[in-house]
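Participant: Chain by chain, the residues:
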Amino acid sequence: VITISAAVPGDALAMATLLEEMDRFYGTVEAEPADDRVRQINDALFSSQPAACALLGRDGVRLAGIAAYSFLWPAIGLTRSLYLKELYVGAEYRRRGVAGLLMRALVEVAGRHGCSRVEWTTDTSNIDAQAFYEKLGLGPYPSKVFYRMEDTGVGFDIPI
Amino acid sequence: VITVSPAVPGDVLAMAALLEEMGRFYGADGTEPAGDRVRLINEAVFSAQPRPGRCWHGPGARPTGIAAYWFLWPAIGLTRSLYLKKRRVADAYRRQGVGKLLMQAVYDVAGKHGCSRVEWTTDIGPALRAQDVRWSSARMAITPTGR
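So the protein lines, in turn, are chains V and A. Here the first sequence is numbered in the working numbering, starting from 325 and rising by one per residue. Here the second sequence is numbered in the working numbering, starting from 169 and rising by one per residue.
Mixed in with the good hints there might be a few duds.
What the hints assert, rightly or not - Heads up, simulated DSS-like pairs for lysine-lysine below, C-alpha to C-alpha not over 27 Å straight-line:
(1) LYS280(A) with LYS268(A)
(2) LYS268(A) with LYS254(A)
(3) LYS268(A) with LYS468(V)
(4) LYS468(V) with LYS254(A)
(5) LYS280(A) with LYS254(A)
No lab work stands behind these hints: they were computed from the structure.
From just these sequences and the hints, can you work out the full model?
Facilitator: In C-alpha cells, the structure reads:
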C-alpha cells in the first residue's frame, strides 16, 4: 500500500536517490557528490524558515515598495530558486528607481543563498511591468505553462 | 534617499497599508479588517514554519514519489498560495495512483494553511499549443556566489 507522509530528516538519503532519477529524467548526465546532495536537501527542507520573505524599499520611516519572495526547491540540481511573488512600488514613489533597487537587492539575496534561478510572473495586461523587465534584458520564459487552481469557497479537490 | 532592507516585525502596520494600496491596484474592492491583515502578514513573513511537511513520499526506505511545495505570499488578499515546485513519481511506481495521492495531499495542506490558490508549471511539450499558455514565467540566470 502506498501512503503519503511528510518528509523527515532521516529521509534525506533516499530522497537524494529519487531526485537523482528525476535529474536524469530532465537530462542531467552527472550528479553532484552524494554528501553535497544530502546537505542541499537538509538546507532546503529541514531548516526552519518563514513561509515568505520581504524586502522593503524605505524612504525614512515610510515604505516606498515591497518585494515578497520565497525559495522554491529543487531547482537546478538540488539548488533553490528564488521566486519573486510580488514586486510593488507605492503610487507616489513610481519612476524613481525603486523597483530597480528592489530587484538588485533580490538578486543579491539569491546569490547569497546559492540560488540557480530567479523567477516570477506578471499579468499579460501589465504592460508597464513587462517594459520594466524588458529593460532588465528579460522576456517571457518560453517553455513553461503555468497552471492555477483557485479555492472558490469549497476547498480544493481533484476532479478525477 | 530610498533604501532597501529586509522587513522586520515593526514594519507590519506600514506593510498592511502598502499592501492595501496594492490590492486596490489589482482591483480588489474590499479588504479584510486591519487585525486580520496584521495577523496574516505576521504568519507569513515573521513566523518560522514547522520543519517537516514540505514534501512526501511513501513509507520505507524506497520513496514512491515526491511533491515539493512552498508557499508564496501574498496571494488573494494576504492569503498564501501553495506553489508545487516538483511532482515526481519513481519509475517503479508509475500508473499506480501515486501522483493523484500526492496531489490530494497537496490540496489538503493548502486547505489547512488557508491557501487561496494552488499553482504549478510544467514544460511545454509538443502536445501543448501556444494559445494554451496563460502565463509565462521569466527566469534570469544568475551566478551563485555562496552556499
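Participant: Is LYS280(A) within 27 Å of LYS254(A), Cα to Cα?
Facilitator: holds (20 Å)
Participant: If you draw a straight line from the CA of LYS280(A) to the CA of LYS268(A), is it 27 Å or shorter?
Facilitator: Cα-Cα ~18 Å, so holds.
Participant: Take the C-alpha atoms of LYS268(A) and LYS468(V), compute the straight-line distance between them, and say whether it is at most 27 Å.
Facilitator: holds (22 Å)
Participant: Starting from LYS468(V), check that the Cα of LYS254(A) is at most 27 Å away, please.
Facilitator: Given that 27 Å is the threshold and the Cα spacing comes to 13 Å, the pair holds.
Participant: Sort out whether LYS254(A) lies within 27 Å of LYS268(A), counting only the CA atoms.
Facilitator: It holds: about 14 Å lies between the C-alpha atoms, which stays within 27 Å.
The structure is consistent with each of the numbered hints, conforming to all of them.
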